[in-house]
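Protein sequence lines correspond, in order, to chains A and B.
Position 16 (the first sequence) corresponds to 16 in my numbering; numbering is contiguous.
All you need for my numbering is the position in the second sequence, starting with 1, plus 1000.
The set of hints was computed from the structure by calculation and includes no laboratory data.
Every clue listed holds true.
As a list, the in silico DSS-like pairs of lysine-lysine whose alpha-carbon atoms are at most 30 Å apart: (1) B:Lys1067 to B:Lys1100; (2) B:Lys1107 to A:Lys75; (3) B:Lys1138 to B:Lys1217; (4) A:Lys68 to B:Lys1107; (5) A:Lys38 to B:Lys1067; (6) A:Lys54 to B:Lys1107; (7) A:Lys54 to A:Lys104; (8) A:Lys104 to B:Lys1217; (9) A:Lys87 to B:Lys1107; (10) A:Lys68 to A:Lys87; (11) A:Lys38 to A:Lys75; (12) B:Lys1107 to A:Lys48; (13) A:Lys91 to A:Lys116.
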Amino acid sequence: MIELRKIFLLFLLLPGLLGIVRKSWAQEYGGGPIVFIKPVRAVIFEHKFHLGKKFGCQSCHPDLFAKKAGEVEQKDDFTMESFNQGKYCGKCHNGTLAFSVNTKCNWCHIGVQGHKHLEEYELGIK
Amino acid sequence: MQAQAPGQVSLEERRRFLLLGLKITGVFVGGSVLSLVPARQARSELLGASVVGTYPYQPHYAMIIYKDRCIDCERCIEACRQTNNVPTYGWRNAVLSRRKTGIAASKMIREFLPVLCNQCNRPPCVRVCPTKATYKDKKNGIVRMNETLCIGCKACMTSCPYNARYYNGESQAVDKCDFCYQKRLQNGEANTACAEACPAGALLFGDLADQKSEFYKLLHKPDQTILVLRPERGSMPNVFYLQG
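Please construct the entire structure, taking both the sequences and the accompanying hints into account.
In structure tokens:
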């Protein structure tokens, strides 16, 4: 009977433990996904798809983006127009280093529905 | 003829009776089997091709949607809500979305499809309306609503292949997109609220009867693939989806 209770407790604790592990993975890559909601809702950025052999922290920080997540949002020229001129994301996403900013819109733009889904996903409801 | 007991039916008569039964069932079974065989002239239709090229109205309003440009910012929906006083529970336009699978590492990639009333040339909703509350405008081909005639039977909502209608509790009538005719077009404006609000240029509104316009040329480029929603319903929609 006691053993059964132990197993039951384990099952109760397991999801919580997994959550902690997942969070620590995310921290290694500078936190989970960053979502921009200005000027258009919503654009996703994930460190884990950008960090790799070619790029380290210094590639983008602090010249291209401030280290605080989401701070660029406040700037007026954080728009697709300036990306096309090679600012911010457009510095690498220019068609040679990575896919150009004027293609594959929905690789980064996850939209209002995507944002809602992400929030639920993060909370674990899914 | 003498009445016979059940056990005394002659062999010949029994045989005739059975033969008749076999013939009748044979006809029915044969018919249903035949109907399962594919039609000899199975025709496939290029999506949208049946619609493009016939513009019976003056002006013939239509919309072109570049589906890959939509980023689901939902500014079109907000603009529509403000312009046409759409309540929170209703919709005149919507953005459908689904997860795009099998292209990249990110789980979050989605694809979007803006939808609205297709202002069909052969509208099923007009056909089913018992009070003629919804009608095809004879001049510009917009499917419009006469709210005073609507009895709220919702037959049009069931018949619509695009789910473009909702019941408005305030006006006690079914409401739908009218290409902003009441709020904008009839006041001399040339664009709908949604197309004006789109930051990505995904929605374009125009007049297809004017063959010299840029709008007409977009749709009539050689080798242009034109898609419409649910062409098999034969409703001949006026909202065209292009790629790129």
